[in-house]
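J.: Given next are the chains, with one letter for each unit.
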Amino acid sequence: MADSICPSTAVPGGQPDGAAVARVEKALHRRGAFTEIMGKVLDFCRQRRLLAEVEDEIASYPEFKYVDQSQAAIAFMLVEAGGLARIDLDRDGNPVDPARLASLDEDAADELVQFCALETTPAGVQVAQAHRPEVRLEELFARTPERNDAYRAILRAASEPKAFAEIEALLGKQLSLPSLNGKSGLPLYPSALVAHLEKAGGLVWDEAWSTTPAGASFATSNERSK
Amino acid sequence: MAARKSSYGKLAHMAQKVQGIDWASDASLVETDEQFARSAPLRERHHSCCHGCYNCCPLWVYTEDGVVVKIEGDYDGTLTQGCLCTKALNQQHLVYSPRHVLHPMRRVGSRGGNDWEVVSWDEAYDIVGEQMALATRKYGPYSIMVGAGGGGTYGNVFQRVTQDAIGAPVCISGGGCQCYLPADCAGQWMRGGSNNRHEGNNAREMWNAWQPAMECVVLWGAQTSASGAAYAARANADMRERGIKTIVIDPYYTEEAAKADIWLPIRPMGDIAMLLGWFNYIIANKLYDEQFCKYWTNYPFLVDPDTRLPLKAEEVWPDYVNPSADPNDVYDTPAYVCFDARTNSVQPFPYTAPEDSPVDPVVFCEAEVNGRLCKSAGQIQWEACEDFTLEKTAELTWVDADTIERAIKLYATTLSGIGTGQFADMSELSSNFIFGTMALDMLCGKVNKPGVVLTEQKPESRHTARPTHFWCNRPYQETFGIGWTVGLTEGENLRRSQAAVERWNAKGVDGKAKQQAFVDYQLARLGSLEHKAVHQWQLNALAPVREALLTGEPYKISVRWEQSGNKYCVMSNGEQWNEAYANIDFCVHQQPHMTSTTIEDADLFLPMQEWLEFEHATETTTQFNQTFMRKQIVHMGETEDPFICVTRIVDSLCEKLGSDDAVLCRDFQFNGTYRTKEDIYPAWAEMFGVESWPEAVKHSEDHTLTVPIDELYQFYQHLDIVDDGLPAGFATLSRKCEPYVTMAVLNGRTGFPYHFPYTQVAADGTWPEYDAVCTYKEQSENMLQDDPDFPFYLTTGRVAHYHHTTLRTAPYSRELIPVPDMRINPRDAAALGVAHGDWVELSSRRGATRGRAYLTEGVRPGVVMMERFYFPESYDHSTKTMSGGWRQCNVNLMARDDVVNDNFASASWRGYRVNVRKAEAPEGLWTEPEQFQPLMPSRTFESRTEEGACHA
Chain A
0 MADSICPSTA VPGGQPDGAA VARVEKALHR RGAFTEIMGK VLDFCRQRRL LAEVEDEIAS
60 YPEFKYVDQS QAAIAFMLVE AGGLARIDLD RDGNPVDPAR LASLDEDAAD ELVQFCALET
120 TPAGVQVAQA HRPEVRLEEL FARTPERNDA YRAILRAASE PKAFAEIEAL LGKQLSLPSL
180 NGKSGLPLYP SALVAHLEKA GGLVWDEAWS TTPAGASFAT SNERSK
Chain B
0 MAARKSSYGK LAHMAQKVQG IDWASDASLV ETDEQFARSA PLRERHHSCC HGCYNCCPLW
60 VYTEDGVVVK IEGDYDGTLT QGCLCTKALN QQHLVYSPRH VLHPMRRVGS RGGNDWEVVS
120 WDEAYDIVGE QMALATRKYG PYSIMVGAGG GGTYGNVFQR VTQDAIGAPV CISGGGCQCY
180 LPADCAGQWM RGGSNNRHEG NNAREMWNAW QPAMECVVLW GAQTSASGAA YAARANADMR
240 ERGIKTIVID PYYTEEAAKA DIWLPIRPMG DIAMLLGWFN YIIANKLYDE QFCKYWTNYP
300 FLVDPDTRLP LKAEEVWPDY VNPSADPNDV YDTPAYVCFD ARTNSVQPFP YTAPEDSPVD
360 PVVFCEAEVN GRLCKSAGQI QWEACEDFTL EKTAELTWVD ADTIERAIKL YATTLSGIGT
420 GQFADMSELS SNFIFGTMAL DMLCGKVNKP GVVLTEQKPE SRHTARPTHF WCNRPYQETF
480 GIGWTVGLTE GENLRRSQAA VERWNAKGVD GKAKQQAFVD YQLARLGSLE HKAVHQWQLN
540 ALAPVREALL TGEPYKISVR WEQSGNKYCV MSNGEQWNEA YANIDFCVHQ QPHMTSTTIE
600 DADLFLPMQE WLEFEHATET TTQFNQTFMR KQIVHMGETE DPFICVTRIV DSLCEKLGSD
660 DAVLCRDFQF NGTYRTKEDI YPAWAEMFGV ESWPEAVKHS EDHTLTVPID ELYQFYQHLD
720 IVDDGLPAGF ATLSRKCEPY VTMAVLNGRT GFPYHFPYTQ VAADGTWPEY DAVCTYKEQS
780 ENMLQDDPDF PFYLTTGRVA HYHHTTLRTA PYSRELIPVP DMRINPRDAA ALGVAHGDWV
840 ELSSRRGATR GRAYLTEGVR PGVVMMERFY FPESYDHSTK TMSGGWRQCN VNLMARDDVV
900 NDNFASASWR GYRVNVRKAE APEGLWTEPE QFQPLMPSRT FESRTEEGAC HA
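If you read the sequences in order, they're chains A and B. Take the first sequence: its letter number 138 is residue 137 in numbering that gives the first Met the number 0, and every next letter is one higher. Take the second sequence: its letter number 794 is residue 793 in numbering that gives the first Met the number 0, and every next letter is one higher.
Some clues are possibly wrong.
Claimed, not checked - Stretches of chain A that chain B covers, calculated by requiring three or more beta carbons in the stretch to come under 8 angstroms of a beta carbon on chain B:
| hint | segment |
| --- | --- |
| 1 | 27-41 |
| 2 | 62-74 |
| 3 | 132-138 |
| 4 | 173-186 |
What the hints assert, rightly or not - A few chain A residues facing chain B, derived, Cβ under 10 angstroms:
| hint | residue |
| --- | --- |
| 5 | 148 |
| 6 | 152 |
| 7 | 208 |
No lab work stands behind these hints: they were computed from the structure. None of these values were measured; they are calculated from a predicted model. Idealized CB from N, CA, C, for every residue including glycine.
Using the sequences plus the hints, can you model the full thing?
T.: Rendered as structure tokens:
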């Protein structure tokens, strides 16, 4: 069994077209529960990885505890969308020539392909870049500065794991901040702020809310939010 | 009864003829061996009732060795008399359809694909419970949203009580605010009872063949024959045969219009102008019922110009003692203020029998009260219609003045009433229309008497005490102490509220906190601050929900529990919803068949029973005067009863959260659902008066509950003298009919009656002012506008073949109507170069769709008409996309929900500007009958699971 694989053969530096990036973006945002996992996988696979490594990696994500599909299924959604490239490998870890593979019958192909590796495509890299928590948090804090005190309060509180009820108790059941959803007729609720921070990679749920390392850097820094 | 005898007579005659034929003599029988004789299939006949729509037509189902081979109508159906429609007959094709999913399916792969694997029910419930519990722990219970359906294959009670149980406020329906909610409110708010819709067993007098009194009926935007082909269409034919005149107001030449005595081919959505024209003519020509208006409506009440509420006597004369007040402070009988013709002065107007009234109230007047000029409610109604002369009405409605006048005279001078359809519900005009049509009948005294539409039926409609009414049939006041029972005093309502709190306290739960949690949950419904009548059905306005999904605000929604067919096709803004639903973390969809919604959004699919599989005693099993046992005749695979499914899901949620106490009120769900059949059988048995439901249902035909016709029709209930010595009146705020809709004013102001003793007002203390009378309004996009980019106007309607989004996978219906028709006037078609049967593209400012041109003089030039919910739902490997066709053939892609009705948040699924051009057929969709072969029924109990697993 291969315990290492050959280096990437992907052409670096190539600019992906907008449509390719949009396809990856759409895959990332096709189901809320998968978005964070997929973003991390795109980042992880910037360096070519064996599928088994990817599976182990995904299994280590707190978000994965709560989803109902396998690591491989999620990873292959990204392959289908063009965010990850799939590379079939022989028993020595060398890439199998797709043309050769296509010429083989099913049994021979199975015999030849022993492993599979994944590598982020240029479109996937671009999406991963935009998906970095630092980038997303920067955007979040810039979007509605009037909410930043509340965001920081949550991030500070969740430096130790916090139940949602504890965050609600911290902020109150409704905030005096206006909602972006004006037609709802309702003010902002704490769950919106929590979910925004989660979506930006600043909070993670692992049986309770915890601030991520990226989130921690925004918890105290006024500069980051300007 | 005469009609039924006639049907049996025909049958008996046929039987005699058959017996006369010498074709089955003993000599033609031959010996055969016993084994062969036994090999004949076991033929059985079962009684049940259809659930293809909400009309519950009784029928017989024939099985051979347990397989359904035939469905036929039951001649004992009071109205149907043996008739059935294509919807009922197609049940065979749905229950045995290769698309009827028979096992829970978990998605494997990405949303938008069609790859699934079978899971067990235990596993499925476990997944849903886990995902809902996760959302609740992460974001609180508001993060679970429910998708409800209309009155088709499914009811909607279980959705609402389930929401109440878990405290999840977001529930949307493609119908709801757009279907029947306005009429439900109007009936309850304006007369404390039923309304003027033919749906829901209202408006039955026109079908009264036993003591016929009605002389004329106005069918206003009501396609009764298309909605209820088996019973209404047949009963309508009888009605016409009895000589009842019909006035049909519809922009489209419907089945009813074709046979009408007077058809008013109104400009689409010009109805409010037409209504005001009728008000004007009737008032100006004194064709109204003055005595009824004086003593049985609130028209004579003087209205406070500041509050817009009828003045109460105590407000004007603080020392006034109301002679009709209940000394025990339980029942509410307010005294109001009127201008008295006898004394020519403003006087208190206590509630009495008309003959005992101390005043002779003036209906149309204004008078000075404590220095302020106050108008009577009747005067306010008059001023709303004052300008609408026949000429102006004709100009605005595009119907000639003579025809309008002829119709009004016929209506006003006969025993008649207005029966309405729900066309206006699907528009911004929903409140204006329903308030107007109900008020017109009240103005003319067409209430509670033979020959009118607004009546109440059954012996239980009689009164021995002052009638009261709670706004829904669920025990919110008993359980949470929330809501106002109309007809009770404020003191009594407060006592009931407090009693509920104390009941919680006695159970060791902080009752006040529980009450507050319930109110918080109610007030968290999106858009309900502006459109407060959505609380009537625990709904939300649509656009704010979509916005909540897109923005994550005002609170996070994480789990979608979709219990209806296909939201993509019954609502506008499909592409935006598609984007919005992608933010959902987990979506579970329960239905008998997968739809575009499943393919696009669902992560888990729970297969529900078709009605041939669905045993029930109460879920829409009443038609006219008969209530039927719905029997489970077949059971396919592992399909589940939806009532049990929702209960098991909440069970699973509670288990994952660690306790029943972790949700708002676990047991509230059982005000409509049940955990097992054994739990509910005793209640069903009691309802039908049998000892054992399981035994009785075997012969369900013997247990139809029938209200004798003599008892069904009841009149003049408001004149019953009740225990306070006064006439019963109506279950309204004033105890009289309220054509001036006081409740609408109060509702806008505080959310009353839904949250009492709490209120719903904006943070800045403002509130919306809802109209109290029918007031002139046009759709935002209307035909009076000059709009060269979108020169046509779209109206929609029903066809008899489909109900809502159901039946699209029934191949015989698809053979009859394989693609959407667009009805267009031949002159318009000629100008566009479009021939009958050509494909056309329709586009609005919001989206586009395609259909096939159907040329007819049944629509006026400038108007086009399509079926309101058309979509193909034909995804398969042979189609080019997996969307099911919702992007290609979906009329609602052009509809709008950004501008809605003030009270009810009704969106516009019809009534907007469009353009039309000749186009090619959409690619990748089935358009010809033979293409529907993959949908043909299999007649096996176990579907091709492997196929179903991969290509639902």
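J.: Is the hint on residue 148 of chain A kept, meaning its closest Cβ partner in chain B is under 10 angstroms away?
T.: violated (17 angstroms)
J.: Under 10 angstroms is the threshold here; is the Cβ of residue 152 of chain A close enough to any Cβ of chain B for the hint to stand?
T.: Given a least distance of 17 angstroms, the restraint on residue 152 of chain A is violated.
J.: Would you settle whether the hint for residue 208 of chain A is holds or violated, based on the nearest Cβ-Cβ distance to chain B being less than 10 angstroms?
T.: Result: holds, 8 angstroms to nearest chain B Cβ.
J.: Can the segment 27-41 of chain A be counted as covered by chain B under the rule of three residues or more with Cβ-Cβ separation shorter than 8 angstroms?
T.: holds (count 5)
J.: With a Cβ-Cβ cutoff of 8 angstroms, does the segment 173-186 of chain A contain at least three residues near chain B?
T.: Three-residue rule met by the segment 173-186 of chain A, so holds; n is 8.
J.: Counting residues of the segment 62-74 of chain A with a beta carbon closer than 8 angstroms to any beta carbon of chain B, are there 3 or more?
T.: holds (count 4)
J.: How does the coverage statement for the segment 132-138 of chain A fare against chain B, requiring three or more residues with Cβ below 8 angstroms from a Cβ of that chain?
T.: Since three or more residues must qualify, the claim that chain B covers the segment 132-138 of chain A is violated, with 0 doing so at under 8 angstroms.
In summary, the structure is inconsistent with hints 3, 5, 6 from the numbered list given earlier, while agreeing with the others.
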